[in-house]
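The numbering of the sequence shown is my numbering, which starts it at 1 and goes up by one.
Hints listed in this document are in silico derivations from the structure and should not be mistaken for laboratory results. Hints may be right or wrong, so weigh each one.
[To be verified] The following label-pair restraints were derived from C-beta to C-beta distances: (1) Ser-43 with Trp-86: 21 to 27 Å; (2) Leu-126 with Ile-151: 15 to 21 Å; (3) Asp-99 with Val-31: 24 to 30 Å; (4) Asp-114 with Gly-77: 36 to 42 Å; (5) His-65 with Met-95: 37 to 43 Å.
Glycine residues also receive a C-beta, built at the ideal position from the N, C-alpha and C atoms.
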Amino acid sequence: MSAPTSADAAVVTPGSFLTLHYRLSGPAGDVINTFNDKPATLSLGNGELSPAVEQRLLGLAEGAHVTFELPAGEAFGERNPEMQQWVARSLLARMGDPDEQYAVGDVVQFPTPDGQGSYAGAVIELNDTAVRFDFNHPLAGQPVTFEVRLIGVL
1 MSAPTSADAA VVTPGSFLTL HYRLSGPAGD VINTFNDKPA TLSLGNGELS
51 PAVEQRLLGL AEGAHVTFEL PAGEAFGERN PEMQQWVARS LLARMGDPDE
101 QYAVGDVVQF PTPDGQGSYA GAVIELNDTA VRFDFNHPLA GQPVTFEVRL
151 IGVL
């Protein structure tokens, strides 16, 4: 039995379980970068990556290290103005730390209504009674660079 060759390398298919390093960046720089940390593990099709990003992974072989350029809006959709919402400071105090100080640029985690997950909002405006959050993905409406190194494919 001979050692496996690159032709025998596992290839990404829908539903594959992946161990990988990846970096998502936009015009302002990195939003996610696992290259300096431990690799990420995820299952394709579970919504951990956007469908446009997942499409780029299909057909890649284990060991591949590639970079993709996605046009503005393709990776995370366009910016939706309805995703910018005011949240009363009284509600924020009930949901979290009542002494929390918010500043423009802060990213705050909110629990999903079912309490099973969370989503993030970035502070974009403040007044005495409320904080305005942008719940759009930070890379929505922007060109995205997606770099990936596939470590393992199951």
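For each hint, the structure was consulted:
no., hint, in the structure
1, Ser-43 with Trp-86: 21 to 27 Å, "violated (36 Å)"
2, Leu-126 with Ile-151: 15 to 21 Å, "violated (42 Å)"
3, Asp-99 with Val-31: 24 to 30 Å, "holds (29 Å)"
4, Asp-114 with Gly-77: 36 to 42 Å, "violated (23 Å)"
5, His-65 with Met-95: 37 to 43 Å, "holds (41 Å)"
Hint compliance for this structure: hints 1, 2, 4 are broken, all remaining hints hold.
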